[in-house]
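Undergrad: If you want the building blocks of each chain, they are given just below.
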Amino acid sequence: MDDNMIELRNVTKRYGPIVANANVNLSVRRGELMTLLGPSGCGKTTALRCITGQVTPDEGRVFIDGVDVTDVPTHKRELGMVFQNFALFPHMTVYENVEFPLMIRRVPQGQRREMVMDALRLIRMESYAQHYPRQLSGGQQQRVGLARALVYHPKVLLLDEPLSNLDAKLREEMRFEIRDLISRLGITALYVTHDQAEALALSDRVAVMNAGRIEQVGTPDEIYESPRSRFVADFIGLSNFIRGKVLAIERGMAIVAVNHIKLMVPAAEGTQVGQDILVFIRPNDVRLFPVDFAKAENTFEGVVHKLTYLGDTIDYRVIVAEGVQIRVQTDGKVRFNAGEAVKVCLPEARCRVILE
Amino acid sequence: MSHFTNKRQNLITFLLLSPGLAGFFGLFFYPMLVTLFRSLRPEGQTSGWTLGNYAAFLSDPDFRGIIWLTFFLAITSTFLSILLSVPLALLLRRKPVGHRLFRLTILVPITVPGLIGALGLLLFWGSRGWFNLLLLQVFRLKAPLTINYTLTGLVIFYVWHYFSYTAITTLSTLEGLDPAFEEAARVAGATPWQVLRYIVIPLIMPGILSGSVLTFMAAFGAFSIPLITGGNYRPLSVAIYKQIGIFIPARWSAASAMAMIMAALQVVFLIFYMRILRRPMA
Ligand SMILES: Nc1ncnc2c1ncn2[C@@H]1O[C@H](COP(=O)(O)OP(=O)(O)O)[C@@H](O)[C@H]1O
Ligand SMILES: [Mg+2]
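Read top to bottom, the protein sequences are chains W and Z.
Mapped onto my numbering, the consecutive letters of the first sequence carry residue numbers 1 to 356.
Mapped onto my numbering, the consecutive letters of the second sequence carry residue numbers 357 to 638.
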């Protein structure tokens, strides 16, 4: 028995000329909370619908708990799902909504009542049992959606952008509530979102998706610190990409020529001498020093081109060589003015090679 | 100042609208008032008051039969229209090949004039019509079935002629239904049949009811279909027409009294129906 609770194996789904999922491979481990992160239209919902069975893949297989369910109808897959627009049944009360999966499964009345009330207690909505969905706020509706998905103890919980329809503050609160709930229950969850902050805050692992493909899978830390593609780097946060050529590779460090500057960067797997690559570094990893600062690793002279005050941080654009502009975000302790000469340090350990 | 202008503007608006309003209410209420007065006059007279016309109809030995038949036809055809419309709407929603043609076909019965429709139906269902040809030639029946001028036939014709209202309203309600509800139910473990029973039907019920009230009202007041195809079955509208079309001199007062009773029944029924519709969604 393998340790994957959900597995998509080489799944491809086309809608006419659109390839919604292109050879997707994705494994969610037992008890893990994985997010599927990507821009709108990249195929996240399609992947989820392959798991629920509402979409049959053109190619590839879907496994749940080690069983090939590709040809099993949706209602037999024993899944719990939470929807972006809540999808609570408008003609049923909160109680009846949560009871629905148990009613369908003909759970005996007494036990049913207990399970519904347990689920409602889990999300602190027991006093709203007799309300109709339209009488609840968005956040309350989504909590009921969670209760309905969890009430019958499904093997897997699927969430399709569950917080997208809520306002920013509530979204942040509920993020942690969902996180707590899922880890308390120990249930395997696949959480779809286009919000990178949500993905980083919530998940054990993140799968980043772009144009129907999975670009990278890793812990939030790996994804943020070591993006493997320009897309992932860009999507997860602010980035500098500096185009250069690999001159040499010594003891795992690539020496990269950018105009007349040379950068030392930890080589990525597969880096070759002579290759054109991108050096990636996050703006808040770049250091700025006064121009008389003693020389250190990857340190260059530059001129502050522009600066923007952002409150707790200051955003600088520094020109270090012809055509090479670096974005730097620092806290406001040391300040430079536009036009001032500075030293820019790109710490080796914070730089990454991205192969294109 | 502005108060003054407002008042003035209102007055001007009212004056400009008043011919239209007068015409509207005149056209609306005048025929009803005439009918009401007529029903209260002794037959053939233009003065004097009487309730005799009402008493005569209510005590007529045929009265019960007529009312019963009228309600029977209207209720049966409404019920059958619902039974027909729901599966049809479910099918068309999936946009199968040719669904556009089908959508137009649903509209045919209400666009064809009743008279033409009635004659066409008699031909189609007649002993030598296509229906019986099919039975005789394809299904090898020995003798043709008699449909025309039977009660069954009349119900079939009613359904053909009036189900469009129910079908169209049901279809548009169904197409306005967010598919997320059905998806949620499916993932929660419901079979397609359970989704239909517990989610789809309850959610489109208001649409079914408001469409079927149109079918009911139209069927209740049906005239050309039963007049031409009804044979010995004469619902209220045909019975009223008989007072004017058969008797010489025409019994205008009797006809008016019957028309008022018919209107009253319709209003009572409509109020009853609205009550059901407005009931908070179960
Ligand atoms: N039923 C469908 N018919 C046609 N195209 C579809 C259908 N569902 C999704 N698509 C297309 O597939 C692509 C991926 O859609 P989706 O999986 O919904 O993306 P996401 O959930 O990431 O926003 C989009 O280009 C979308 O337009
Ligand atoms: Mg989506």
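I should point out that these hints are in silico values taken from the structure, not numbers from a laboratory.
Glycine is no exception: its CB is placed at the ideal position from the N, C-alpha and C atoms.
Take the hints with a grain of salt, since some may be wrong.
As the list claims (entries may be wrong) - Reference listing, derived: stretches of chain Z covered by chain W, where coverage requires no fewer than 3 residues with Cβ under 8 Å from a Cβ of chain W:
| id | region |
| --- | --- |
| 1 | 422 to 433 |
| 2 | 447 to 455 |
Claimed, not checked - Simulated DEER-style distance windows between Cβ atoms:
| id | chain 1 | residue 1 | chain 2 | residue 2 | range |
| --- | --- | --- | --- | --- | --- |
| 3 | Z | 630 | W | 134 | 33 to 43 Å |
| 4 | Z | 531 | W | 138 | 22 to 32 Å |
| 5 | Z | 471 | W | 90 | 39 to 49 Å |
| 6 | W | 134 | Z | 631 | 38 to 48 Å |
| 7 | W | 177 | Z | 531 | 52 to 62 Å |
| 8 | Z | 549 | W | 266 | 56 to 66 Å |
| 9 | Z | 404 | W | 90 | 40 to 50 Å |
| 10 | Z | 629 | W | 12 | 20 to 30 Å |
As the list claims (entries may be wrong) - Looking from chain W toward chain Z, a few residues come up when the C-beta cut is under 7 Å (computed):
| id | residue |
| --- | --- |
| 11 | 72 |
| 12 | 75 |
| 13 | 85 |
| 14 | 87 |
Undergrad: Okay, residue 134 of chain W versus residue 631 of chain Z on CB: inside 38 to 48 Å?
TA: Cβ of residue 134 of chain W to Cβ of residue 631 of chain Z: about 22 Å, so the range 38 to 48 Å is violated.
Undergrad: Verify the coverage statement for the region 422 to 433 of chain Z against chain W, using a C-beta to C-beta distance below 8 Å and requiring 3 or more qualifying residues.
TA: violated (count 0)
Undergrad: Does residue 85 of chain W pass the interface check with chain Z, least Cβ-Cβ distance below 7 Å?
TA: Holds - the Cβ of residue 85 of chain W comes within 7 Å of chain Z, reaching about 6 Å at its closest.
Undergrad: For the hint 33 to 43 Å, verify it against the beta carbon of residue 630 of chain Z and that of residue 134 of chain W.
TA: violated, 22 Å
Undergrad: Using the beta carbons of residue 471 of chain Z and residue 90 of chain W, state whether their distance is inside 39 to 49 Å or not.
TA: holds, 44 Å
Undergrad: Using the beta carbons of residue 404 of chain Z and residue 90 of chain W, state whether their distance is inside 40 to 50 Å or not.
TA: violated, 59 Å
Undergrad: Let me know if the C-beta of residue 72 of chain W comes in closer than 7 Å to any C-beta of chain Z, holds or violated.
TA: This hint is violated: residue 72 of chain W lies away from chain Z, its Cβ roughly 12 Å from the closest one there, beyond 7 Å.
Undergrad: Go check the region 447 to 455 of chain Z versus chain W for me, would you? Three or more residues, Cβ under 8 Å, otherwise it fails.
TA: Since three or more residues must qualify, the claim that chain W covers the region 447 to 455 of chain Z is violated, with 0 doing so at under 8 Å.
Undergrad: Go through the hint on residue 87 of chain W and say holds or violated, using the shortest Cβ distance to chain Z against 7 Å.
TA: Holds: closest Cβ of chain Z sits about 4 Å from residue 87 of chain W, inside 7 Å.
Undergrad: Between the beta carbons of residue 531 of chain Z and residue 138 of chain W, is the distance compatible with 22 to 32 Å?
TA: For residue 531 of chain Z and residue 138 of chain W the Cβ distance comes to about 26 Å; the hint holds.
Undergrad: Honestly, do residue 549 of chain Z and residue 266 of chain W meet the 56 to 66 Å range at C-beta?
TA: Roughly 60 Å apart at Cβ, these two residues keep to the hinted range, so it holds.
Undergrad: Taking the least C-beta to C-beta distance, is residue 75 of chain W closer than 7 Å to chain Z?
TA: holds, 5 Å
Hints 1, 2, 3, 6, 7, 9, 10, 11 from the list above are not met by this structure, while the remaining hints are.
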